[in-house]
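Trainee: For the sequence shown, my numbering gives the first residue as 3, with consecutive numbering after it.
Do not rely on the hints blindly, as some may be mistaken.
As the list claims (entries may be wrong) - Ranges of calculated distance between the beta carbons of each label pair, as one might list FRET restraints:
| # | residue 1 | residue 2 | range |
| --- | --- | --- | --- |
| 1 | GLY94 | LEU164 | 18 to 28 Å |
| 2 | ALA23 | GLY152 | 53 to 63 Å |
| 3 | ASP71 | PRO193 | 20 to 30 Å |
| 4 | GLU142 | GLY189 | 15 to 25 Å |
| 5 | ASP20 | GLU172 | 41 to 51 Å |
| 6 | GLU111 | GLY59 | 31 to 41 Å |
| 7 | ARG27 | ALA194 | 53 to 63 Å |
| 8 | GLY152 | GLU176 | 26 to 36 Å |
| 9 | ASP97 | MET60 | 45 to 55 Å |
| 10 | GLY59 | ASP104 | 13 to 23 Å |
| 11 | GLY152 | ALA34 | 39 to 49 Å |
These aren't lab readings, by the way, just hints derived from the structure by calculation. All of these numbers come straight from a predicted model, not from anything done at the bench. Even glycine gets a Cβ: it sits at the ideal position worked out from N, Cα and C.
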Amino acid sequence: MSRQPQWALRPPEQLAPDQRAAFQRRREQLLAAARTVIARLGPAFTMTDVAREARLGMSSVYRTFASKDDLLADLLDERLPVWLEIWARHEGRADAGQALIDAMWEFAELEHRDLGMAAALRGLAFRQRELVEQSARAGERLLAQAQAAGELRADLDYGDVLRIFLMLSEIADEHEWRRGLEIYIAGMRPPA
3 MSRQPQWALR PPEQLAPDQR AAFQRRREQL LAAARTVIAR LGPAFTMTDV
53 AREARLGMSS VYRTFASKDD LLADLLDERL PVWLEIWARH EGRADAGQAL
103 IDAMWEFAEL EHRDLGMAAA LRGLAFRQRE LVEQSARAGE RLLAQAQAAG
153 ELRADLDYGD VLRIFLMLSE IADEHEWRRG LEIYIAGMRP PA
């Protein structure tokens, strides 16, 4: 197990104002570089790839992010509020079944715009448990409303909604994943 250098442990709030500003600029530069690298390489990227893309030295990288997981956690922090916004846009609609389906399409399109990022972040949900649980509760509420209205099958659970995204994330071809989601959604409707 590697040890973090002492300077990597110094929190930004303990820095002087000009150092804090430089830290924030470097952080944004590294996050932008990471987005580019992850889009190209997916979860197999290294911190060296990020440093090269940002045109910074490794010491600058590790002064900002102590590990690859810390970098990914900051990227996840950006993604989770987007998930909550999607649920919020559709919650409370009169047509709860269609609202859930519309939200599912938005999630699928978000993930497929950047499959590399989706794959890189997939294993980090435990680091943001509260926001992930908030997102799950919003999805569960929408599903329950749709089921109560008879718009979706009563035997569905939120795990069924999540499973389709895990399956679709393995399909890069746009026509194929869209067709897969259409078929899955058709199966969510109650029998006629």
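Trainee: In this structure, is the beta-carbon distance linking ASP71 and PRO193 contained in 20 to 30 Å?
Mentor: violated (45 Å)
Trainee: Range hint 45 to 55 Å: satisfied by the CB atoms of ASP97 and MET60?
Mentor: Holds: the Cβ-Cβ distance is about 52 Å, inside 45 to 55 Å.
Trainee: Between ARG27 and ALA194, does the C-beta distance stay in 53 to 63 Å?
Mentor: Holds, since ARG27 and ALA194 (Cβ atoms, about 59 Å apart) stay within the stated range.
Trainee: Do the Cβ positions of GLY94 and LEU164 conform to the proposed distance bound of 18 to 28 Å?
Mentor: Cβ of GLY94 to Cβ of LEU164: about 22 Å, so the range 18 to 28 Å holds.
Trainee: The hint says 13 to 23 Å between GLY59 and ASP104; measuring C-beta to C-beta, is that right?
Mentor: violated (46 Å)
Trainee: Does the beta carbon distance between GLU111 and GLY59 stay inside 31 to 41 Å, or does it fall outside?
Mentor: holds (37 Å)
Trainee: Could you see if the CB distance from ASP20 to GLU172 stays within 41 to 51 Å?
Mentor: Between ASP20 and GLU172, where Cβ atoms are some 47 Å apart, the hint holds.
Trainee: Given a hint of 53 to 63 Å, does the C-beta separation of ALA23 and GLY152 actually sit inside it?
Mentor: Check passed, 56 Å falls within 53 to 63 Å.
Trainee: Does the Cβ pair GLU142, GLY189 satisfy 15 to 25 Å?
Mentor: Once the Cβ atoms are compared, 19 Å apart, the range 15 to 25 Å for GLY189 and GLU142 holds.
Trainee: Please test the hint of 39 to 49 Å on the beta carbon pair from GLY152 and ALA34.
Mentor: With Cβ atoms ~47 Å apart, the hint holds.
Trainee: Taking the Cβ atom of GLY152 and the Cβ atom of GLU176, is their distance within the range 26 to 36 Å?
Mentor: holds (32 Å)
Hint compliance for this structure: hints 3 and 10 are not met, and every other hint is.
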